[in-house]
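Okay, here's what each chain looks like letter by letter:
6 protein chains.
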Amino acid sequence: MFKTIEEKEATGKVKEVYEDIKGSRGITEIPNFWKMLANDPNELERSWNSLKQVMRKGALDPVTKELIYVAVSITNGCEYCTRSHSYAAKKKGATDEMIKEMISVVGLANKNNKLVDAYQVEVDEIYK
Amino acid sequence: MFKTIEEKEATGKVKEVYEDIKGSRGITEIPNFWKMLANDPNELERSWNSLKQVMRKGALDPVTKELIYVAVSITNGCEYCTRSHSYAAKKKGATDEMIKEMISVVGLANKNNKLVDAYQVEVDEIYK
Amino acid sequence: MFKTIEEKEATGKVKEVYEDIKGSRGITEIPNFWKMLANDPNELERSWNSLKQVMRKGALDPVTKELIYVAVSITNGCEYCTRSHSYAAKKKGATDEMIKEMISVVGLANKNNKLVDAYQVEVDEIYK
Amino acid sequence: MFKTIEEKEATGKVKEVYEDIKGSRGITEIPNFWKMLANDPNELERSWNSLKQVMRKGALDPVTKELIYVAVSITNGCEYCTRSHSYAAKKKGATDEMIKEMISVVGLANKNNKLVDAYQVEVDEIYK
Amino acid sequence: MFKTIEEKEATGKVKEVYEDIKGSRGITEIPNFWKMLANDPNELERSWNSLKQVMRKGALDPVTKELIYVAVSITNGCEYCTRSHSYAAKKKGATDEMIKEMISVVGLANKNNKLVDAYQVEVDEIYK
Amino acid sequence: MFKTIEEKEATGKVKEVYEDIKGSRGITEIPNFWKMLANDPNELERSWNSLKQVMRKGALDPVTKELIYVAVSITNGCEYCTRSHSYAAKKKGATDEMIKEMISVVGLANKNNKLVDAYQVEVDEIYK
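Protein chains in written order, with the numbering used here: chain A, 552 to 679; chain B, 552 to 679; chain C, 552 to 679; chain D, 552 to 679; chain E, 552 to 679; chain F, 552 to 679.
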């Protein structure tokens, strides 16, 4: 329905964000996600600025943040998101062992979340 | 529909798992989750053994694993799971700042997951 | 935001559906679900007629259908639906053992669904 | 990101589980799901052992369990899981009519789950 | 597992619904969705009748209804549904600008839904 | 785990956002959602700025945007979000009839989304 906005077509706000993405990430090609969001320049700008602010080093290191991002994406069944942020996690230093352990936690949590709903478990006082 | 199996009612496999939970966790009271699973002793045993194996220190430290667990639970909208594993995360050393940053990643990932579905973004060759 | 439409307030299409619910189910009080849907008489009628048609004995017996209904409701985290259809399942003959085994399948399926998404498993030729 | 572990590459725990899968199922080729899980031999072992324990005949027959498994997989939008367990259900004796009725229950339950959330229906006393 | 029922194979109830779809929509080819549902003629009939009743002009215009339909489909990650109802929305008069704004609302709502779950926000008195 | 940040405790960025919320919305009390987000002033600021930008009149009118927001919230089972944005929709002019029709679309879309997954419907050429 929408088409990617290629770099050579980018102008104004889109061009600026594209430059920032390439500079901040040290990459030479804009991923499809941003090239699709560019159909809505305000959404592109909001999403890129949020990503930069949220994923940078803080109390959590960037690798941990990427692993959390992938865990959510798996839970939502988003293939693009799972693949692109697994890639980002590895680029920032995540090992295969770390990714496999993250996956096991995701599997376990999804199972236990449903056991809680199935047995209608009440919240213990200590957790409130 | 089902009722919690209290410690004083526990026998056999259930009693053994309860003892193991208290010993491994250094707690004196069994949380409601396990007391409900005890209605199905095999499920209780499988779930507890998986949890012990998955959540222990490995390539990822236990705090990171708990944060990933909470991220999945938020995404699934499971209140009990969010509360109990936030509690566990803090007990194992997570700070409020770490939890707040995890939440921001979860919010961002949920938004971007849906933008990907909305714009039907194709997977870049580099991520395959 | 909306309020239940009580039996004494019911007129026309709503009154007819209420009578049919009581007659078909052998109950004397309309559950809250139908009393809320009654705010939109067409939705009430469509939903009740679909339910009657879908949940009746066919190639699958009514207990199996109720268990499948509960399995979906757990997966969606719908408390009302889980409770009301577990009740229905038991009324139609489901035992506690059957319900507990259904829950274990739900837990397992939810875990494996996510492992498939995590490892991006390709569909085997034989399953196509 | 990960690759399937083929049978000829399998050693130790992975090889053992592969043999058990082929023997228990009476198949000659390992499905992709297990060949991907084999990247994490502990997860492979846990998942296979759980599956064997949960899906075997108990208070519910194996066909009913497979249908419940498929119902959850449809609800989660997992194509691999829907296809592979529909296949398993048919192999164990499910007819096309049974599968179509299961699908109708899944459609209905998903709709009604959302009507409950939309109208914020309160749990009737009788269901508590 | 199931195959599409082509127009030339359609008989009885299926043929009638196919004619109604073509007439009501002013199209000459039945979309795959209906050709798959035709495997279960009762489900086909129920689903088509519900769609006709729900999506027609009422207090909301048909374009708004299609946009809401797409918003739900994005949230559920259903590619077919997102594509087919975006197509329908445009055919009924939705502009690209309207679709892009709908997408931004969907992204925002999905993020905020999870922030609410993360912070366990209590419902304000005014909203009850 | 976190507590609401009350207006009298608000300083700096939080105080500024609180003032903007009250001014823009013409309300005298800050809803709990914002008082919880205030635990993370950057998230509060990002979320409020996005909301203001996304929900204002554009190609879609504010009522339609609120209805789309509610449709997503119902689909995600978020009670707070469903209640607060139904309230907002009505305040901006949505009638009960509009809300009920939106709910019917949400119910229908959720059902059909799952029928598509169940029958593994392929995307028609015309929708690509």
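Don't read these hints as lab results, they were simulated from the structure. Treat the hints with care, as some may be off.
Identical copies carry no separate label here, and so any pair may be met within one copy or between two of them.
Stated by the list, open to error - Straight-line C-alpha distance at most 20 Å; calculated EDC-like pairs for lysine to aspartate or glutamate:
hint	residue 1	residue 2
1	K643	E567
2	K642	E567
3	K608	E673
4	K608	E676
5	K679	E560
6	K554	E596
7	K566	E676
8	K679	E630
9	K608	E558
10	K554	E673
11	K641	E570
Note that the coordinates shown come from a computational prediction; the quantities given were computed from them, not determined experimentally.
(message) At most 20 Å between alpha carbons: which applies to K643 and E567, within, between, both or neither?
(response) neither (24 Å within a copy, 35 Å between copies)
(request) Go through the copies and call it for K679 and E560: within, between, both or neither, with a Cα cutoff of 20 Å. (result) Cα proximity of K679 and E560: none, with 53 Å in one copy and 23 Å across.
(request) State whether the alpha carbon distance between K566 and E676 is at most 20 Å within one copy, between copies, both, or neither. (result) neither (53 Å within a copy, 23 Å between copies)
(request) Give the relationship of K554 and E673 under a CA distance limit of 20 Å: within one copy only, between copies only, both, or neither. (result) Between copies only: 10 Å across chains, 48 Å inside a chain, cut-off 20 Å.
(message) At most 20 Å between alpha carbons: which applies to K641 and E570, within, between, both or neither?
(response) neither (23 Å within a copy, 33 Å between copies)
(request) If the cutoff is 20 Å on CA atoms, where do K608 and E673 land: within, between, both or neither? Let me know, please. (result) neither (36 Å within a copy, 29 Å between copies)
(message) With identical chains, the pair K608 and E676 could be close in the same copy or across copies; at 20 Å between alpha carbons, which is it: within, between, both, or neither?
(response) This pair counts as neither: shortest intra-copy Cα distance 34 Å, inter-copy 28 Å.
(message) Within, between, both or neither: how does the pair K554, E596 come out at a Cα-Cα threshold of 20 Å?
(response) within (18 Å within a copy, 31 Å between copies)
(message) When Cα atoms must be at most 20 Å apart, do K679 and E630 count as within-copy, between-copy, both, or neither?
(response) Answer is between: at 10 Å across copies they meet the 20 Å cutoff, but 35 Å inside does not.
(message) With identical chains, the pair K608 and E558 could be close in the same copy or across copies; at 20 Å between alpha carbons, which is it: within, between, both, or neither?
(response) neither (28 Å within a copy, 30 Å between copies)
(request) State whether the alpha carbon distance between K642 and E567 is at most 20 Å within one copy, between copies, both, or neither. (result) For K642 and E567, neither the intra-copy (24 Å) nor the inter-copy (34 Å) Cα distance is at most 20 Å.
Violated hints, in rising order: 1, 2, 3, 4, 5, 7, 9, 11; the structure is consistent with all others.
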